[in-house]
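Novice: Using my numbering, the letters of the sequence shown correspond one by one to residues 12 to 254.
Note that these hints are calculated values from the structure, not bench results. Here the structure is a predicted model, which means the values were calculated and not measured. Beta carbons: idealized from backbone N, C-alpha and C, even for Gly. Careful, some of the hints might be misleading.
[What the hints assert, rightly or not] Computed beta-carbon distance windows for the label pairs:
(1) Asn183 / Ser219: 49 to 59 Å
(2) Val119 / Thr145: 24 to 34 Å
(3) Asn99 / Pro166: 49 to 59 Å
(4) Val119 / Ala210: 37 to 47 Å
(5) Arg138 / Lys251: 50 to 60 Å
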Amino acid sequence: MKRKLFNLGLVAFIALAVSSCKKDSTSTGASATSEMTFAVSPDNPTTTLDAVGGPQVQSTGTTAITAGVTWTSGIANIAHFKLEAKKNGVEKEISTSNLTNVDLFAAVPAFVKANVDTGTYKEIELRILLVKSTGTDIPLTLKGTFTSKGGAVVPIQYEFNEDALIKLEAENVTIDGTNNVTAGTNIHLNKLLFGLTSAQIDAATRTSGTIIISSSSNPILYAHIKLNVLLAFAARHFEKHHK
Numbered sequence: 012m013k014r015k016l017f018n019l020g021l022v023a024f025i026a027l028a029v030s031s032c033k034k035d036s037t038s039t040g041a042s043a044t045s046e047m048t049f050a051v052s053p054d055n056p057t058t059t060l061d062a063v064g065g066p067q068v069q070s071t072g073t074t075a076i077t078a079g080v081t082w083t084s085g086i087a088n089i090a091h092f093k094l095e096a097k098k099n100g101v102e103k104e105i106s107t108s109n110l111t112n113v114d115l116f117a118a119v120p121a122f123v124k125a126n127v128d129t130g131t132y133k134e135i136e137l138r139i140l141l142v143k144s145t146g147t148d149i150p151l152t153l154k155g156t157f158t159s160k161g162g163a164v165v166p167i168q169y170e171f172n173e174d175a176l177i178k179l180e181a182e183n184v185t186i187d188g189t190n191n192v193t194a195g196t197n198i199h200l201n202k203l204l205f206g207l208t209s210a211q212i213d214a215a216t217r218t219s220g221t222i223i224i225s226s227s228s229n230p231i232l233y234a235h236i237k238l239n240v241l242l243a244f245a246a247r248h249f250e251k252h253h254k
């Protein structure tokens, strides 16, 4: 049975490092290498809803409460990372599978690493594969709080459980053997709720007091946010650090 994949193409500066993996071709002799590291991490965890020009003042003279969502934790289960590139006209591939329970909000991000031979890598394409799960290891789970216009603070949880292929294209990366390279992909969390109002979220069904947004709970909200998830990925510029 063929799976339907959500496919996102983004042009970005990126360098990937993957642990426990190899290039397709083997080296014919000793050569200098650099360590390349890569991580997925979130940014902009707070989204203000219904904002128009700034804080609103109520008829009583007090400042109205700003409705919004703040994400405070997140777990990712990534089925497969793959980097394809060309060095001296020869295709290279670096890949790894089953990156489970990745804590997106960890103080020190979980880096994926590999030693890469020196040289210039061109036509770089990174693929991040997310696979729908029938268990608890779904691709992306985010938790946080929703603050309504009335000031109520309600736990909120979003569960992205879809097959998705995220593709990132990169400019050339030169590995010099002297510097290590770090790079990563951000998930812009403030983009997840784009197009939604606080009233729509406040009207969501609660499960034991929590707003759970999944394919089976509040499915209309889920379908809306699902499309925004794929647009939230963006890559950071790579940085070089002396060994």
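Novice: Is 49 to 59 Å respected by the C-beta to C-beta distance linking Asn99 and Pro166?
Specialist: holds (53 Å)
Novice: Confirm or reject the claim that Val119 and Thr145 have a C-beta distance inside 24 to 34 Å.
Specialist: At roughly 32 Å between Cβ atoms, Thr145 and Val119 fall inside 24 to 34 Å, so the hint holds.
Novice: Given a hint of 37 to 47 Å, does the C-beta separation of Val119 and Ala210 actually sit inside it?
Specialist: This hint holds: roughly 39 Å between Cβ atoms.
Novice: May I ask you to test the hint 49 to 59 Å on the CB atoms belonging to Asn183 and Ser219?
Specialist: holds (52 Å)
Novice: Between Arg138 and Lys251, does the C-beta distance stay in 50 to 60 Å?
Specialist: violated (24 Å)
Consistency with the previously given hints fails for number 5 only.
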